[in-house]
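J.: Line by line, the protein sequences are chains Y and F. Counting from 1, position 88 in the first sequence corresponds to residue 88 in our numbering; the numbering is continuous, with no gaps. Counting from 1, position 300 in the second sequence corresponds to residue 300 in our numbering; the numbering is continuous, with no gaps.
Incorrect hints may have been included.
To be verified - Result set (SDA-like, lysine to any residue): computed pairs, CA atoms no more than 25 Å apart in a straight line:
(1) Y:128 - Y:200
(2) Y:28 - F:388
(3) Y:128 - Y:187
(4) Y:4 - F:190
(5) F:475 - Y:12
(6) F:378 - Y:96
(7) F:529 - F:64
(8) F:378 - F:322
(9) Y:175 - Y:221
(10) F:467 - Y:124
(11) Y:10 - F:372
(12) Y:88 - Y:13
(13) Y:10 - F:393
(14) F:495 - Y:187
(15) Y:128 - Y:170
(16) F:378 - Y:128
(17) Y:80 - Y:70
(18) F:432 - F:200
(19) Y:139 - F:388
(20) Y:10 - F:385
(21) Y:39 - F:385
(22) F:395 - Y:76
(23) F:190 - F:200
The set of hints was computed from the structure by calculation and includes no laboratory data.
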Amino acid sequence: MGIKKVGLNKNVAPQSIVEKIFFLDFAKGLKTTIKHLFKRVITVDFPFEVIVPAIRFRGVHGLRNVDGTEPEDFASWVKKLKIKPPEKGETRCIACKFCQAACPVPEIFVIKAEKLDVPEDHPHHGLKVLTQFDMDLGKCMFCGLCTLACPTACIIHTDVYDLSSYTRRGAILNKEQLAKIADDFIARRGKEKFDEHSHWPDTQKVWPEYDLARAKAWDNNPPVFGPNYQDQE
Amino acid sequence: MSWISLEKIKRLGEKFSYANVIENDKGFHSIEVPKENLIDFLTFLKTDPDYSFKMFIDWTIIDHGQKADPRFQGVLILYSPEYKERIIVKTWATNETLPSLTGLWTGAKWAEREAWDMFGIRFEGHENLVRMFLWETYPYHPLRKDFPLRGIEDTELPSLNEKERMDQLEGTMNYSRMHTALPTLEDLEKTQKARMPQKKAQVVLNWGPLHPGTHGTIWFLFDMEGEYVKECDIIIGQLHRGVEKLAENMNVQQIIPYTDRMDYIAAINENHSVCIAAEKLLGIHEKIPEKAKYIRTMMAELSRINSHLLWLGTYALDLGALTMFLYTFREREKLMDILEGITGARFTINYFRVGGVYADLPYGALDAIEHFLKDLPKRINDYETLLTRNRIWLKRNVDVCIITEEDVYDYGLTGAVARASGVPYDLRKIDKYDAYGEVEFDIPVGEKGDSYDRYLVRMEEMRQSIKIVKQCVEKLRTMSKNDPYFYEPEDKKMKITIDGRGTKLFKGEVYAAADNPRGELGVYIYQPKDGIKPFRFRLRSGAFYNLQVFTKAIIGRPIADAITLLSTIDPVVGETDR
Numbered sequence: 001m002g003i004k005k006v007g008l009n010k011n012v013a014p015q016s017i018v019e020k021i022f023f024l025d026f027a028k029g030l031k032t033t034i035k036h037l038f039k040r041v042i043t044v045d046f047p048f049e050v051i052v053p054a055i056r057f058r059g060v061h062g063l064r065n066v067d068g069t070e071p072e073d074f075a076s077w078v079k080k081l082k083i084k085p086p087e088k089g090e091t092r093c094i095a096c097k098f099c100q101a102a103c104p105v106p107e108i109f110v111i112k113a114e115k116l117d118v119p120e121d122h123p124h125h126g127l128k129v130l131t132q133f134d135m136d137l138g139k140c141m142f143c144g145l146c147t148l149a150c151p152t153a154c155i156i157h158t159d160v161y162d163l164s165s166y167t168r169r170g171a172i173l174n175k176e177q178l179a180k181i182a183d184d185f186i187a188r189r190g191k192e193k194f195d196e197h198s199h200w201p202d203t204q205k206v207w208p209e210y211d212l213a214r215a216k217a218w219d220n221n222p223p224v225f226g227p228n229y230q231d232q233e
Numbered sequence: 001m002s003w004i005s006l007e008k009i010k011r012l013g014e015k016f017s018y019a020n021v022i023e024n025d026k027g028f029h030s031i032e033v034p035k036e037n038l039i040d041f042l043t044f045l046k047t048d049p050d051y052s053f054k055m056f057i058d059w060t061i062i063d064h065g066q067k068a069d070p071r072f073q074g075v076l077i078l079y080s081p082e083y084k085e086r087i088i089v090k091t092w093a094t095n096e097t098l099p100s101l102t103g104l105w106t107g108a109k110w111a112e113r114e115a116w117d118m119f120g121i122r123f124e125g126h127e128n129l130v131r132m133f134l135w136e137t138y139p140y141h142p143l144r145k146d147f148p149l150r151g152i153e154d155t156e157l158p159s160l161n162e163k164e165r166m167d168q169l170e171g172t173m174n175y176s177r178m179h180t181a182l183p184t185l186e187d188l189e190k191t192q193k194a195r196m197p198q199k200k201a202q203v204v205l206n207w208g209p210l211h212p213g214t215h216g217t218i219w220f221l222f223d224m225e226g227e228y229v230k231e232c233d234i235i236i237g238q239l240h241r242g243v244e245k246l247a248e249n250m251n252v253q254q255i256i257p258y259t260d261r262m263d264y265i266a267a268i269n270e271n272h273s274v275c276i277a278a279e280k281l282l283g284i285h286e287k288i289p290e291k292a293k294y295i296r297t298m299m300a301e302l303s304r305i306n307s308h309l310l311w312l313g314t315y316a317l318d319l320g321a322l323t324m325f326l327y328t329f330r331e332r333e334k335l336m337d338i339l340e341g342i343t344g345a346r347f348t349i350n351y352f353r354v355g356g357v358y359a360d361l362p363y364g365a366l367d368a369i370e371h372f373l374k375d376l377p378k379r380i381n382d383y384e385t386l387l388t389r390n391r392i393w394l395k396r397n398v399d400v401c402i403i404t405e406e407d408v409y410d411y412g413l414t415g416a417v418a419r420a421s422g423v424p425y426d427l428r429k430i431d432k433y434d435a436y437g438e439v440e441f442d443i444p445v446g447e448k449g450d451s452y453d454r455y456l457v458r459m460e461e462m463r464q465s466i467k468i469v470k471q472c473v474e475k476l477r478t479m480s481k482n483d484p485y486f487y488e489p490e491d492k493k494m495k496i497t498i499d500g501r502g503t504k505l506f507k508g509e510v511y512a513a514a515d516n517p518r519g520e521l522g523v524y525i526y527q528p529k530d531g532i533k534p535f536r537f538r539l540r541s542g543a544f545y546n547l548q549v550f551t552k553a554i555i556g557r558p559i560a561d562a563i564t565l566l567s568t569i570d571p572v573v574g575e576t577d578r
């Protein structure tokens with residue numbers, strides 16, 4: 001059944017007298033320590049050097065705006081939920097509240113959409129627009145379920161991890177702040193995370209190879225990335 | 001599957017007229033016994049050579065709601081090491097009392113205290129039935145169905161910055177000044193007195209709740225005669241967050257992030273347990289895509305290495321070898337990088353889903369793992385040169401705090417602690433969940449059960465994990481990128497989603513477990529009808545039962561051995577407290 005016995009007389013020999021007298025156990029230990037003494041430093045000098053988080057990293061949330069890379073069924077979702085069709089630069093959020101339904105702590109979200117106050121002959125009559133999207137990150141577990149539930153790829157995780165505030169109120173982000181975080185992230189690393197229409201492109205790497213600080217933590221000998229599966233390029 | 005066969009359990013039903021066999025369509029048969037006959041029946045189960053259910057696994061309560069009569073039901077899970085089978089024995093707790101099982105299995109002591117704490121069931125014959133997690137003066141029993149999820153908010157606790165900065169916080173994002181009860185110093189004093197009602201010796205030494213040697217918020221009480229411990233008790237619960245109560249109010253995919261916060265050192269393995277249990281309840285555990293199975297096995301083993309590296313570092317640090325901590329954390333950092341790249345988080349992983357994993361491996365993941373594994377065996381050899389035959393290390397570990405085979409069965413010890421005592425209890429071999437049936441590895445088994453054996457077993461486990469991961473990587477290389485990594489149900493009645501919305505559990509009950517670095521984390525789900533939320537979600541924590549043996553193994557040892565023993569048992573407080 002594949003049992004391997006371990007124990008002091010099984011796979012480890014007890015100390016011999018010679019070892020005891022000449023302190024050979026200490027000498028061997030010291031040899032290992034001295035070997036490590038001449039290795040290069042592996043610690044990262046934060047905050048002067050910063051490791052770039054992996055592209056899948058689940059940091060502070062962002063709300064993406066319409067930029068032409070929406071999923072194919074975006075228009076039909078907008079129609080279904082009677083949302084005013086957003087123009088470029090407006091939020092993708094269609095107030096479907098799927099994120100809230102998927103969230104283990106639904107009190108995090110306050111999402112409200114209101115009907116537009118326009119005359120009856122206006123094309124947008126009867127349609128809604130997102131007025132409030134607040135997230136209380138003080139309660140968030142960063143589990144990522146909301147981003148998986150979002151049908152329009154609107155709510156995303158960015159790589160921002162340094163969030164702090166002096167008061168509880170600072171942990172609550174509104175939709176403008178969230179949109180700004182997402183815009184910044186997309187401008188910096190959007191190409192790494194998303195391709196034309198996919199949330200999980202094949203080309204997403206374990207971590208960015210240009211990151212020198214991380215290479216240092218890998219004994220200056222980081223792995224070279226290749227394809228995982230035999231039919232991957 | 002390691003469960004008692006139907007004919008065998010039916011023979012039990014024929015032998016005892018009062019016993020009532022409950023068949024289960026998924027194979028998890030159980031037997032119901034009236035509480036008057038419980039002790040006789042269990043004595044038979046334990047001692048009869050045809051059954052020999054010697055090993056205690058779990059003893060808990062189901063609350064069937066206020067309207068049911070009788071309302072509470074005891075659920076006992078036992079394991080037979082000879083036949084490699086499990087059984088569930090159920091009994092109704094009429095008048096909210098049950099007979100105590102501490103005479104048969106000492107390990108029931110804490111289980112019963114927990115049941116009293118959470119459900120208010122009194123156990124007749126228990127030597128000192130005090131609360132397990134909460135303080136002694138707490139008036140409620142929170143896992144009862146009539147206790148609200150939010151708790152009873154009866155204590156005013158204004159925020160600090162509301163007082164100092166004069167901020168008006170009320171109204172902002174459901175901030176409330178009223179909180180659930182908190183223990184005062186007086187309450188804690190009463191709790192401490194109740195835990196050790198009779199002093200045997202001169203001095204009661206308090207260790208913890210916050211001490212770097214305890215690896216978390218555990219509070220130890222040592223009754224000491226000179227330097228030697230005469231009696232010991234542990235006050236846990238400072239990290240109790242009521243995961244079981246929370247789990248009863250959400251769908252199963254949403255429970256997974258909560259289990260991340262239990263054993264935060266090996267979060268992946270915790271997620272694994274929940275996934276296995278839910279998949280067995282849905283009956284899809286054999287239909288999980290092969291790629292998902294291999295990815296899960298690989299990640300679980302990486303997480304085991306991660307956990308053991310942290311254990312080794314802190315264990316050696318506690319015994320005075322500071323260098324070790326720096327060395328293991330260097331390797332651990334690489335492993336964390338890999339986990340971060342694949343799952344999106346370094347610590348609270350939430351990567352596994354009921355039905356597979358949430359995303360395929362990113363580009364280059366297998367290369368990174370292979371690169372890491374190439375180096376690791378050399379490093380482990382380095383660690384062994386430093387420690388294994390060092391005379392100080394030998395003096396502090398050999399023959400220290402022996403845990404015998406009997407203790408393993410009595411206390412329900414699992415994981416490396418059980419294996420070091422000579423019991424080859426490894427669920428990876430017994431249950432063969434996920435891809436463990438298809439990879440080759442050995443179970444390291446110790447002889448004496450002293451601290452040194454536990455150390456050697458864990459070191460060997462790391463090497464075996466490397467072996468498993470290598471086989472998984474090899475297998476994954478032969479797969480295609482278009483292979484599915486998540487199970488899409490064909491059955492119309494079943495709905496499983498990656499984000500969890502609408503994921504339904506079927507009627508039935510299940511006990512399934514995974515072998516975690518800290519022992520067996522078992523998940524018992526009881527579901528009287530189909531539904532999204534589990535009716536009873538019991539987490540059988542390996543670390544909780546392993547920690548219980550501390551109170552026995554330390555008796556008669558000098559206080560300095562407490563550190564060695566605690567490190568080699570290796571509990572994580574997040575998991576013991578849940």
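J.: Hints first: check each against the structure and report whether it holds.
T.: Quick rundown of the hints versus the structure:
1. At roughly 30 Å between alpha-carbon atoms, residue 128 (chain Y) and residue 200 (chain Y) are farther apart than 25 Å, so this suggested pair is violated.
2. With a CA separation close to 11 Å, the supplied pair residue 28 (chain Y) and residue 388 (chain F) stays within the 25 Å bound.
3. For the given pair, residue 128 (chain Y) sits about 29 Å from residue 187 (chain Y) by alpha-carbon distance, which is inconsistent with the 25 Å threshold.
4. Pair hint residue 4 (chain Y) plus residue 190 (chain F) does not hold up; C-alpha atoms about 48 Å apart against a cutoff of 25 Å.
5. Of the supplied pair hints, the one linking residue 475 (chain F) and residue 12 (chain Y) is violated, its CA atoms being roughly 33 Å apart against a limit of 25 Å.
6. In summary, the hint linking residue 378 (chain F) to residue 96 (chain Y) is not supported, as the alpha carbons are separated by about 53 Å, beyond the 25 Å threshold.
7. As the CA atoms of residue 529 (chain F) and residue 64 (chain F) are separated by approximately 12 Å, the hinted pair is consistent with the 25 Å bound.
8. This hinted pair checks out: residue 378 (chain F) and residue 322 (chain F) have alpha carbons roughly 20 Å apart, not beyond 25 Å.
9. As the CA atoms of residue 175 (chain Y) and residue 221 (chain Y) are separated by approximately 42 Å, the hinted pair breaks the 25 Å bound.
10. A threshold of 25 Å between alpha carbons decides the hint, and for residue 467 (chain F) with residue 124 (chain Y) the separation of about 63 Å lies outside it, so the pair is violated.
11. Restraint check for residue 10 (chain Y) and residue 372 (chain F): not satisfied, since their Cα atoms lie roughly 29 Å apart, outside the 25 Å limit.
12. About 73 Å separates the Cα atoms of residue 88 (chain Y) and residue 13 (chain Y), which puts this hinted pair outside 25 Å; it is violated.
13. Annotation: proposed proximity of residue 10 (chain Y) to residue 393 (chain F) holds, straight-line Cα distance about 18 Å (limit 25 Å).
14. A threshold of 25 Å between alpha carbons decides the hint, and for residue 495 (chain F) with residue 187 (chain Y) the separation of about 37 Å lies outside it, so the pair is violated.
15. Between the alpha carbons of residue 128 (chain Y) and residue 170 (chain Y) the distance comes to roughly 28 Å, so the proposed pair goes past 25 Å and is violated.
16. For the suggested pair residue 378 (chain F) and residue 128 (chain Y), the alpha carbons sit about 63 Å apart, so the restraint of at most 25 Å is broken.
17. Taking the CA atoms of residue 80 (chain Y) and residue 70 (chain Y), the gap is about 16 Å. The hint holds against a cut of 25 Å.
18. Between residue 432 (chain F) and residue 200 (chain F), the direct Cα distance comes to roughly 47 Å. Violation of the 25 Å bound is thereby established for this hinted pair.
19. For the hint linking residue 139 (chain Y) to residue 388 (chain F), the alpha-carbon distance of about 45 Å lies beyond 25 Å, and the restraint is violated.
20. At roughly 17 Å between alpha-carbon atoms, residue 10 (chain Y) and residue 385 (chain F) fall within 25 Å of each other, so this suggested pair holds.
21. Between the alpha carbons of residue 39 (chain Y) and residue 385 (chain F) the distance comes to roughly 18 Å, so the proposed pair stays at or under 25 Å and holds.
22. At roughly 72 Å between alpha-carbon atoms, residue 395 (chain F) and residue 76 (chain Y) are farther apart than 25 Å, so this suggested pair is violated.
23. As the CA atoms of residue 190 (chain F) and residue 200 (chain F) are separated by approximately 18 Å, the hinted pair is consistent with the 25 Å bound.
Hint compliance for this structure: hints 1, 3, 4, 5, 6, 9, 10, 11, 12, 14, 15, 16, 18, 19 and 22 are not met, and every other hint is.
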